[in-house]
Amino acid sequence: MDTIKVVGEFVRERSPFSLDTWFGRPKKTGGGIERGYDTVPRGAEPRAEDDEPSAAAEYTNKIDALDDNQLQRRFEEMLTDMNISEEKKEPLRKYSRDQKKKMLVAYKFVNAQLSVGKLHGCLENLRIALTNNPLSWIQEFGTKGIESLLSTLNICYTNDARYDRVQYECIRCLSAILNNTVGIRTVFECREALPVLARSLDARKPHCALEAAKVLAAICLIPNGHEKVLEAITMAGESSRRPRLLPIVECLDSKSPESLKNGCMQLMNAIITEPEELEFRMHLRSEFMRTGLYDLIDELRAAAEGARQIQMNVFDTHASADQDEFLAKFDDEGRSKFEKPSDYVSYLNQPELSVGKLHGCLENLRIALTNNPLSWIQEFGTKGIESLLSTLNICYTNDARYDRVQYECIRCLSAILNNTVGIRTVFECREALPVLARSLDARKPHCALEAAKVLAAICLIPNGHEKVLEAITMAGESSRRPRLLPIVECLDSKSPESLKNGCMQLMNAIITEPEELEFRMHLRSEFMRTGLYDLIDELRAAAEGARQIQMNVFDTHASADQDEFLAKFDDVRVDFNDANECFELVKNLVMDTPAEPYLLSILQHLLFIRDDELIRPAYYKLIEECVTQIVLHKNGYDPDFRATQRFNIDVQPLIDGLIDLYRYKSGRWWLRVVMWLISKNIRVPLAVTRHVGTLCYERHTNSTDTRRSICDVRDILNVAITIKCGLEAEARAAHLEDRLKQAATPTGPGGVSQGNIAAIAKAIGSPGGPPPPPPPPMPGGNFLCF
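Numbering (our numbering), first residue to last: 1 to 786.
What the hints contain is simulated information worked out from the structure, not anything from laboratory work.
Heads up, a few of these hints could be off.
As the list claims (entries may be wrong) - Below, simulated SDA-like cross-link-like pairs (lysine to any residue); rule was C-alpha separation at most 20 Å, straight line:
hint, residue 1, residue 2
1, K357, L374
2, K453, D441
3, K101, L71
4, K205, N262
5, K214, R241
To be verified - Simulated restraints on C-beta separations:
hint, residue 1, residue 2, range
6, T370, E624, 33 to 39 Å
7, N463, D399, 32 to 38 Å
8, Y598, G545, 36 to 42 Å
Source: prediction; values computed, not measured.
Heads up, the beta-carbon is just placed ideally off N, CA and C, and yes, glycines get one too.
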């Protein structure tokens, strides 16, 4: 940048002790684009001069904390950024430590100030050009120009208060573009434009928030504009993980300027009153109220004057009219049409019902399910539950207007599950709990809380834990996410306290209900690695009331399970998060046992996993899932395979077969040992011989595998032949020894005649039986040899 080069020249020409003078904040000139203060009335534009001393002091402290190497590296980076020659860099490198620190601080703030000034001046000229030039100029500016504006606006969101005036001018430029049909069409084609603009609804920057509110309120009046604005506000809320309407409500606080309150009241009325459907208008008004408007509305009415009084009248008038229209749809005659369970089922199965009608029907259904006898619920039956699930699925595929319908559906299912008849009916409907588990969504805290309460209660019912775990697993598979992640997300610090308590209760019910220790520890470990590990300390630190009770339950059961697990290993303290300690424990468990070669084989096979940074984790994940399923098979499966089908293995027959095979190989091994000892003329106790014979005979006669029986007989015959050959070889060796003794005469060079040597060689080279076989290896052997 030319300005930065000029500043660099100043630095090199001036003494280091006058840096504060030359690198101080640039003085304002009487005019030019660097000024930019005459575009709005004095005091109306956001400015940040008061923040600069504190920012400079903070940066100075950071520079002071650097050691010599870090300071030198930072200094070299500054020299590189200044884009000067090596000849000019050398004198600067000879500066003292204090001089370098002052230069770094001065360069940062002059560089930033010049950048802000250039941006602001350019945007100010652009706004004037957009306002005064013909439509063809705006058309030529086009999408690329808008994308440049949005990039600049995003820069403002990630920087300090010095960029507030740049942000203000960006919004005014967008407002100038939207002042004609060509600009509106161009902005609508750029999908990111309005969501980025909606992020400026920030009560901490009232002037920027006021301009953004004016622009968004005007867009609501354009055809299809209301939908665009609502989508933009929703996306901005999702990116900040806050309720989407909260920024508008915060701007209505008593501490906000009067102009900002009026602008946001105008935006709120535009959002509420534009939709044609009554149910949507009432939903949006209700969403504003529960987001915080309920606590401010009386104060806003009391102090309403002028422009705010007009906006308050619009708000109250439309609210009253919508209320009258809603009540007219649900008079006593309309309510009496729901008498039998079949009436509700038929009504819910009607296509294209409005949100208000669905909500009203479900509200009446919940009351009927609560107040009527069990026979009424029994008559409602599976068809009624299927109608509820269909409605719930509709909510998952629609926008926020259906949130209250989803909430009532869950409450209806809760009312059904409040008795044994309802529980049995819901359990018979296999899709019921998986559909309900999809409501565990932190973005809809009220629905997620109700779903968590229902699932936690089901865990306490006989066979309920298995049903809940299967439902959560199926919901995770359908969304291609870890099955426990929705519960962990609801425990985030930004979630409401009630939701955290409900999900802590569900988590404890899932972990503590299984009877087997290994399954409980597995579930607890799965929660931890899904994200609970990063939240647990924060949950403990802020635990009070109901959450403190749930945290105590979690910690108490975790400690008890840990003690029970360690008791199995003679109270050896092991860090189960340390791979080396776990491996040593496993190795010590299998050492000198028949399981040792299998562990070795497993480790050897792991060495053959492809050496690829992407493939290797996938292999280990699949292996971990398989091991988990095999180890925990008696309790249920753990099929969390995201990209694969269910991996169900009936391991019990496999284990039984392995045990039988081990016994079979053991009998054959002992038979071969006994026969080898006999071949060596070593006396074998009669009891051992009988035991081995009985074992082999029983195994041979009881075997249902014809091929294995034939192999048994063949092996016994082979051993007998081997023994016979061994005896013959020993006899031949004794005979050769006798001939060597007889032939010991001095006729040959070594005391043996040449003819005898040839005869002996011929005898030795003649075919004979093999030597006695060594003891065969134990069953198992080298498991890498397939």
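| task | Identify every previously stated hint that the structure contradicts and give their numbers, smallest first. | result | 1, 5, 6, 8
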